[in-house]
Every structure is written in structure tokens, then in C-alpha cells.
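Those protein sequences? They're chains A and B, same order as listed. As numbered in my numbering, the first sequence has no gaps in its residue numbers, which increase by one up to the final residue, 237. As numbered in my numbering, the second sequence has no gaps in its residue numbers, which increase by one up to the final residue, 1237.
The hints are all genuine.
The calculated label-pair distances, taken between Cβ atoms and stated as ranges, are:
(1) B:Gly1048 - A:Asn75: 20 to 30 Å
(2) B:Gly1208 - A:Asn51: 48 to 58 Å
(3) A:Val113 - B:Thr1111: 46 to 56 Å
(4) A:Ala136 - B:Glu1225: 44 to 54 Å
(5) A:His216 - B:Leu1115: 28 to 38 Å
(6) A:His216 - B:Arg1116: 32 to 42 Å
(7) B:Leu1049 - A:Gly38: 33 to 43 Å
(8) B:Leu1115 - A:His212: 27 to 37 Å
(9) B:His1216 - A:Leu211: 24 to 34 Å
Please keep in mind that the hints were generated in silico from the structure rather than gathered at the bench. No residue lacks a Cβ here, since even glycine has one placed at the ideal position from N, Cα and C.
2 protein chains.
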Amino acid sequence: MNSSADEFLTPIDSAETGAQQIRDAIRDAIVERRLAPGTKLSESDVGGLFNVSRTLARAALQALSYEGLVSVEKNRGAFVAYPSPEEARQIFAARRLVEPGILKSAAERITPVQLRQLRHLLLEEGRLMGERGQSARRAEIKASGDFHLMVAGISGNLIMQRFMEELVARSSLVIALYGQSSASSCGHSEHGDIITALEQKDIDAACGLMLHHIAHIEADLDLRERKSFGLKEAFER
Amino acid sequence: MNSSADEFLTPIDSAETGAQQIRDAIRDAIVERRLAPGTKLSESDVGGLFNVSRTLARAALQALSYEGLVSVEKNRGAFVAYPSPEEARQIFAARRLVEPGILKSAAERITPVQLRQLRHLLLEEGRLMGERGQSARRAEIKASGDFHLMVAGISGNLIMQRFMEELVARSSLVIALYGQSSASSCGHSEHGDIITALEQKDIDAACGLMLHHIAHIEADLDLRERKSFGLKEAFER
DNA sequence: GTGCAAATTATTGTATACAATTTAGCATCG
DNA sequence: CGATGCTAAATTGTATACAATAATTTGCAC
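With the sequences and hints as input, model every part of the structure.
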């Protein structure tokens, strides 16, 4: 059909189906803490909010449930995931398990350009740390996760990258729930240390720093059981 | 209240929602090679096959796409995943990356009862290896995967367990596509060696054996490009 | 006969309608 | 006054109908 060579420069595969857009929007809202854990996500409400039918809303919620960000209960509805302390520990155990290996793969393939991109991300992260306010803190959490995601991307393994996306998103949820200090997501200097180790091709040091970094984040959590979920003060929309 | 199991030919009476049952059925069919990679899974056909509407069929296919067993292409349809050689390598790279860590966690928690269960599974696996025929070979592949899944289950980390389920399923697809000898899925003795190492609490040895085992499986693959069916898809990309 | 192009067909994308299940409120009874 | 059973509202589960998009076929011109 399109025998013209002008077409392939515009691979608009980002024309994703509606459900995927809604899924991304809700995921961002969850990760950025605009949606509190435990919030009920009624299909009708979601659909109405995005001006689509329940069909798409349902598909989006279903997708999010596969990522562990939403828990759907049969005949009961969908809720923003409310990870238990045990679940939180497992999420970070998973990260300790996979991130050193991912970092090792990344270190073996990283290019100078990618190192510069990492530095750039770090700079952005630092800038956000300087600012104050809710939105800055949210962006800070996001930037902190993006560092790990970029490392996963550099590793070149799409499967691990996807898995890390899930882990980082769920980590944000955990941090939102159990994080104590606003510094919980930072580890800013630790990110920098890891980059430095990468620049020096010191893979073992980088992996050690990564492990320490993850442990540091987890140590800043208060993983006591919270049983009284406060009513939806989350509806401050 | 659930004594209504008299629907003819429709055992759709379990706790799971219909879409989940269909998803499981198709997944089993894929993993057991009853559905060849690249097979088109039309929503109407799937729905008709299970006597449900397209809605449920679509949900099941969507779910399988999140597991990487089915690839749905916008406005084109769903197909049994046809992993490329590169994808296959990434799958096994991921397994090499995570399985030692999972095994380590499992070794630290394993109980005598669980060790016996592993031995039992091994026995079953060996019995299937002795038999001949397609169905035996299929069951053998499945049993081989079940060993790894049981280890993941023993590790106690639900997230890693879920991830391993995905990796094992996709591995079966890869083996079905690129496996050369019927021994590709075996590694039967290697499973036994790993169990022995576990019994002796020799974690490092067990991890080493696991790495070797995975490498062995991968080495038995013939990861050359196959463009046999790729009429449409060859032109697409 | 070959190549392009428009119409046709088939399949997916989305919305709406109906059924089943759960939750809540209320009335009744102990 | 409290507990219990029933009715009603709301929400999810599923099916069907319609719209949009891609594949196929057919027809026409060269």
C-alpha cells in the first residue's frame, strides 16, 4: 500500500487504544499519590471521569490489577492497592534480588551518551529536591523511580525493564503508604554514587551501592500494621 | 449454594470469573503446545469455543497479552506469541538473573516437607520422561517448569513467584518453537542435583547448579531466525 | 496479463442494555 | 432496645449491538 518511503518516519504506535490511555492516566495518579491506597475505583465513576463507557474503564482497571496497582474483588469492585507490610517487604526483597543483576547488565552495555543521560536525570532530581510543596515531592518520587527505570532500560532486557516498571510503581505506592521522612525516596547522593561507579566501570562497587541504596529506602519505611484505614479523605480532588 | 453443577458441557461454576477460566484454559493450551505460536486467536472464535460472548474472550486474551503469551495488535487481532530469538534470549537472561536469587531465598526457608515435595515432583518428571508420545512430552515440559515454580513458591515471595510463572510459561513457548532435542526441557538429573544441594544446605552449590541448568536448557535451543510464516508480519516491520 | 483502486467482507473497538450479586436500609419480631 | 429477615438500591458480570478500522476481493484501465 504505502509504497512511499515518507511514511515510516512517523511510527505513531502511541495511538494507543483508549483503555491504555486511561490505564496510564490512573497509574500516574496512583504513583503520584493523587489517588490514595484503598480508594474505590468504581467502573462507572472511572468511565464517567474519562467520558468513556464502563467497558474501557473496566479494561483499564483490569490492566492495573495485573500490575499490582489495583486490586479488583469479585462482585465488589476495584480499589487502589493497599499493600500490606508483608507485601511491601516482598516488593523490596524482589528489588534487592533483581536490581544488582540488572545494573550489572547495564554496566556492561552502557554508552557515554547514556551515562550523560543518567547524569542529566540526576540533576533534574536534585533540582526537584530543592523545591518545596506537594507537587515537588511527588515529582521527586517519580524522578527517583525513573533513575532505576533508566538503568533497566540500559540493560537492554525488555522483560526485566517491564518487571522493574511494575516494581517501581508498586514501590511508590509503598512509599506513599509507609514512608516516614520525605527523604525516603531520595537517596539522591546514592544515585550519584552509583553513576560514578558506572563511569569508573567498577561494576561490583555499583552493585554494592545499589543494594545499599535499596536497603536505605526500605529502612526509611515504617512497616507497622495500619488497620484503621481512614475514611476517604482522599476525595479532596 | 453451589450445587448447580448440572449444566451440560459447561463447568463454568467455579469461584473464578469466566474470563479467568478462559485465560487459564488458553494458557494451558499454549504452554502444552496445543496452540502453535502465531495462531490467530479471534475473539469470536474464542468466545464461540467456550460458549461465551466476545467480551469474556477479549478479556482473557487481554490478560494473556500481559503475560506475554499472546500478542494483540491494534485492529488486527490476537495471536499466540511468536517470540523472536532475541526475545528468547532475554527470557533466559531474565531467568539467569532471578533464579539464583530465588533459589537462595528458598534454600533459607525450605522445610523437610517441601524437600520431599520437590523429590516427589522429580519422580513424576522422571516417570514422564520414560514414556513416549506427544502428550508425555508435553507433560514433561510442564513438569520441568513446575520444578522451578515450586522453588519460587518455597521462596515465599509472591511477586517473584508470579514473575517466574510468566517466565516459565514463556520459556515453554520458546522451547516449543526453538527446542531441538526432546531433551531440551529435561535437565532432569540437574533438577535432582539441585535438590541434593538443597538437602545438604549448600546454597552456593545449588545456585551454581541452577545457573548451569538454565544455560543447559538455553544451549539446546536453535535460535536461528525462522521466517516461515511471516507473510504479513514480515512486511509489517 | 498486470497493476492500481474502490467496494466488500471480516474483525476489532466501543457503547449500551440486561442479569446476577452484593450492600444498605428498613421494618418487624423477640 | 437490639437482633433478624426482607426489600430495594447500587455495582459488577455478561451479552449484544453498533461503529471504525484493516484485509480481501473484484473491477477497470493500461
